[in-house]
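Engineer: Sequence:
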Amino acid sequence: MEQNLNNHSKYVKGYHLLLLFFVVTGTIGAVINFYLSWRNANHYNSALLLILFIIAIILFWYVRQFPLKAQDRVIRAEENLRYYSLTGKFLPKELRKSQIIALRFAGDEEFVELVDKTIKSNLNAKDIKAQVKNWRADYYRM
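Start counting the sequence shown at 1; every next residue gets the next number (my numbering).
Calculated directly from the structure, the hints in this document are not laboratory data. Careful, some of the hints might be misleading.
[To be verified] Simulated pairs of lysine to aspartate or glutamate, EDC-like, Cα-Cα distance not exceeding 20 Å:
1. 89 with 110
2. 126 with 72
3. 126 with 79
4. 129 with 79
5. 129 with 94
6. 129 with 72
[Said to hold, decoys possible] Pairwise CB distance ranges (calculated):
7. 112 with 52: 50 to 56 Å
8. 134 with 51: 50 to 56 Å
9. 138 with 52: 17 to 23 Å
Note that the coordinates shown come from a computational prediction; the quantities given were computed from them, not determined experimentally. We put the beta carbon where it would ideally sit given N, CA and C, even for glycine.
Could you build the full structure based on these sequences and the hints that come with them?
Structural biologist: Take a look at the structure:
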């Protein structure tokens, strides 16, 4: 399938739907279990289960965030190299990370012009993607 503005976001069903469902459902169940066991003398098991699901939520978040941060750094380096090869200068410091990530979809023929336009108009990522005429697909981003 050809990648474009409307379908470039990628979701992994097993992670974004199934695992999220189990983590949220388990956390809700652990909170209810902890609340109901509060009246009894047996808090240890329910507290332990709740702590484990809180840890699962934290892991669920960071398992996604750490690779994305690494990919963001790689994209910044790639686009800086691409801009340097096209202009002989490094990317302007005024560009934000989200703008650089959005600019990666622009083809070489419109990349430099779109960088200049982004700086002048302070375009956000969505506006940058909408202005790309020749979409340069990125199938590696997760």
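Engineer: Hints first: check each against the structure and report whether it holds.
Structural biologist: Now the hints, each set against the structure:
1. 89 with 110: With Cα atoms ~16 Å apart, residue 89 and residue 110 stay inside 20 Å; holds.
2. 126 with 72: Measuring from Cα to Cα gives roughly 17 Å; hence the hint holds.
3. 126 with 79: 18 Å, holds
4. 129 with 79: Holds, because 15 Å separates the two Cα atoms, which is no more than 20 Å.
5. 129 with 94: Holds. Residue 129 to residue 94 sits at ~18 Å (cutoff 20 Å).
6. 129 with 72: 16 Å, holds
7. 112 with 52: 50 to 56 Å: 51 Å, holds
8. 134 with 51: 50 to 56 Å: 51 Å, holds
9. 138 with 52: 17 to 23 Å: 36 Å, violated
Of the numbered hints listed earlier, the single one contradicted by the structure is hint 9.
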